[in-house]
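Visitor: One letter stands for each residue in the lines below.
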Amino acid sequence: MLLTQTQDADATTSEATSAIQELSCDEFLIFRLGKEEYGIEILKVQEIRGYDTITHIANAPEFIKGVINLRGVIVPIIDMRIKFNLGTAHYDQFTVVIILNLSGRIIGVVVDGVSDVIHLNMEQLRPAPEFGGVIDTEYIIGLGTLEERMLILVDIEKLMSSSEMGLLEQADK
Amino acid sequence: MSTDLEQFYQIFFEEAGELLEEMEIRLLELNIAAPDPEDLNAIFRVAHSIKGGAGTFGFTDMTELTHVLESLLDKLRKDELELRSEMIDTFLRARDILVNQLNEHRGEGSADAAEVAAIISELKALSAGEVADEEDASTSVSSMPQTASSPETVSVNEEVIPYRIEFNCADLSKPVMDKLLSDLAQQGQLEVISDPADEAVCILRLATAESEEDIWESLAFLVDPAHLSIGVDEQPKQPIVEQAKAEQIPVSSEQQEAVSPDDKVPTSALTQKTQIASKPPSSSQRKSAASHTGSSSSESSSIRVSVEKVDQMINLVGELVITQAMLAQTASQIDPVIFEKLLNGLNQLERNTRDLQEAVMSIRMMPISFVFSRFPRVVRDVASKLNKQVELKTIGEGTELDKGLIEKITDPLTHLVRNSLDHGIETPEKRKALGKPAHGTITLRASHQGGSVVIEVMDDGAGLNRKKILEKARSRGLPISEDISDRDIWMLIFEAGFSTAEVVTDVSGRGVGMDVVKRNIEGLGGRIEIDSMIGKGTKISIRLPLTLAILDGLSVSVGDQLFIIPLTYITESLKPAEADIRTIRGQGRVVQVRGEYLPVIALHEIFNLEPVVKNMHEGILVILDAEGSKAAMFVDALVGQHQVVIKSLESNYRRVAGVSGATIMGDGSVALILDAVGLVNVVKRKITHAA
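Residue numbers (the working numbering), protein chains in the order written: chain A, 1 to 173; chain B, 1 to 691.
Rather than coming from a laboratory, the hints here were simulated on the basis of the structure.
All values reported here derive from a predicted model rather than from experimental measurement.
A couple of the hints might just be wrong.
What the simulated footprint calls covered on chain A by chain B, stretch by stretch (three residues with Cβ under 8 Å from a Cβ of chain B suffice, anywhere in the stretch; the number is not a length) [claimed, not checked]:
(1) 55-64
(2) 96-108
The calculated label-pair distances, taken between Cβ atoms and stated as ranges, are [stated by the list, open to error]:
(3) Pro61(A) with Val337(B): 44 to 54 Å
(4) Gln348(B) with Glu138(A): 26 to 36 Å
(5) Ala331(B) with Asn85(A): 36 to 46 Å
(6) Arg149(A) with Gln329(B): 38 to 48 Å
(7) Asn85(A) with Gly678(B): 28 to 38 Å
(8) His90(A) with Asn615(B): 49 to 59 Å
(9) Pro61(A) with Lys575(B): 33 to 43 Å
(10) Asn615(B) with Pro61(A): 53 to 63 Å
(11) Asn85(A) with Asn347(B): 49 to 59 Å
(12) Phe94(A) with Phe339(B): 48 to 58 Å
Covered, in the sense of this in silico footprint (three residues per stretch, anywhere, with C-beta under 8 Å from a C-beta of chain A), are these stretches of chain B [what the hints assert, rightly or not]:
(13) 600-611
(14) 657-664
The beta carbon of each residue, even a glycine, is placed where N, CA and C say it ideally should be.
Let the hints inform the model, and build the full structure from the sequences given.
Guide: So, in structure tokens, the structure goes:
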């Protein structure tokens, strides 16, 4: 069913489909940014922790909050709410930081909350439609549907290594 | 089956490399007029060990060269030839070629075949030089260490000792085993007591004139030394063989059943019972193991560990120290009366972590003799090239510093020593004319001073010529006043392209290098200083931090953040008077410090922070001296001096301008380490731009 869809879809969506097929796993960690639900591949997640003291870095973009000490490793922290302009960027004891391990690089992202880990079948995945949204579809693997929920699956590695993030050199694939 | 041998290649390469290094040191130590026979023996043994190892692995080119070398050394140590200084030169060259050959087998670099042939014929000529009738010795393939002549004479001249050799051959393949047996058979009369083909333990009897040590050496490359025992078999020959054959079979098969090859107890117990050897094998085994330990104590008292493993451990201990500091800070807020036991425990933890950290850091530490040991050769070669007589003295070889630093300091030091040789030390004639001893002295001294290591290169040569350097500086258009201090003048020689040598030689004089030396040393967080007196000599001191992983820093606060300034760049800190602060065109600010106008780096502006102190005369100025340019850094307050563990910011993030790294403070927070050189240069550009 997915394949027939792909054939008459445009170039961007066929790219997105191939991104779906390249997925290394089909389990996703779901987090909230404002009212939207996003998913990232569970294998990219190292741990989830609270938000604590951060050392600011001069002249960094606003969404890069600074660096923290994660058991002796200096880890940069990115606030996804500021980056995507979603939700309100306030910090309290419920603020959650997802620590990601992207090809050996460790990065923390601040989100509104983490809900659950879900399993998605190929049938539940849809290619991302082409529209100008807060997030460039280039970084969206696809949309997942689970009952009434729509989950935006983010290619976190591609997003973080993009030049607009200015976070890291192109990660080795 | 080649893979079986290949796993031993690496061991051979490492051991041969070490042996060759030892050979060089011994050669350079040799007193030509009256060579110590012990030194000659040691050099001979080294050559012999390499030959044995190379032969085992089929590196015939190395065997050939070491063989010729060995023949000549053998004559020397038996006083058949007299040691001459050109022999040492030839030996050193032969050693270099062996190093090349070894590298070639490793797959890196190559040895020049013509050079090899040349050195072999040269060695043969030296060896044939005075004793013509010994020519056959150089052609005999298996030259005996004790006897230079052919193996037939062994039984006549030397006492043949029957040895009993036991080792575990379960994991040796058939070709390796055959090779080993044929090697041993060359050394004397070999009897195989238990058949190696189907037994886990191979027992051999070897009647030979060679020493126990020599047999060890020929076996050690192939057989795990832990499962090897060599003892003197004191029983008369013939009856034992039969008895042993009869008795040994059940023993060995029993051992095969027991699987564990390490378990030697049943063997020794049984052999003892059957009275095969008058000495119980277990004790002779222990004795030989002990004697072997004695002969090569460095081998058994150290282990090879990969640097990554050590670094991982250092990281973990660093984290432990941070955790401990966090605990201590939390504990300082609790009631000491109620929690007395907890606090006692924490105190003990603090002591233990500190000891542990010191112990772990010391693993990476290596004595500086690793660097110094290469200089006798450098000095010898360069001095003979320049026709100078130079003696090298080294002091404080035991001073330890980080392995990473050891590797990086070698090149700058070599450069300084070569420079001293070329520019510092005068020719013997000139020295005599000046009333100095004909041979110059270069002294290398290493010592600990506080938290740093100081390495000094001293020579008693001509010293730096103030006038010449001034002239040179002026001719290059450097604005220099007449009353500049000596120390500042000496620093000019570190400028790129600055050389006062009249003649450009292939040793030095091109003016490239001193600037590189300075940059390399500053890159290591070190400083370089020169003291010189014309006609008396020059002393160049290098001050280095103990390790690359730890930095001495001053923590300063700006707004709510802490920054670390590396201590090596700080000259002083002061509270400026309001009148001392001026502006240039209303943009760049400068501060007057003792008649000098220094550009001001306002840290809060660079890092976009809200400072607590806004007026410069209320805050603190830290005067930085980075690569010769000075600047004043404006901060809110000084917090304290720390030793901080340097953490990379780039490994997970990217390079940040003005920041060279990060560290973790006692409370677990992150502080950025400032890149003093970068900041000073940015401000300098800004000021020049404004002006």
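Visitor: Which of the listed hints are broken here?
Guide: 4, 8, 10 and 12
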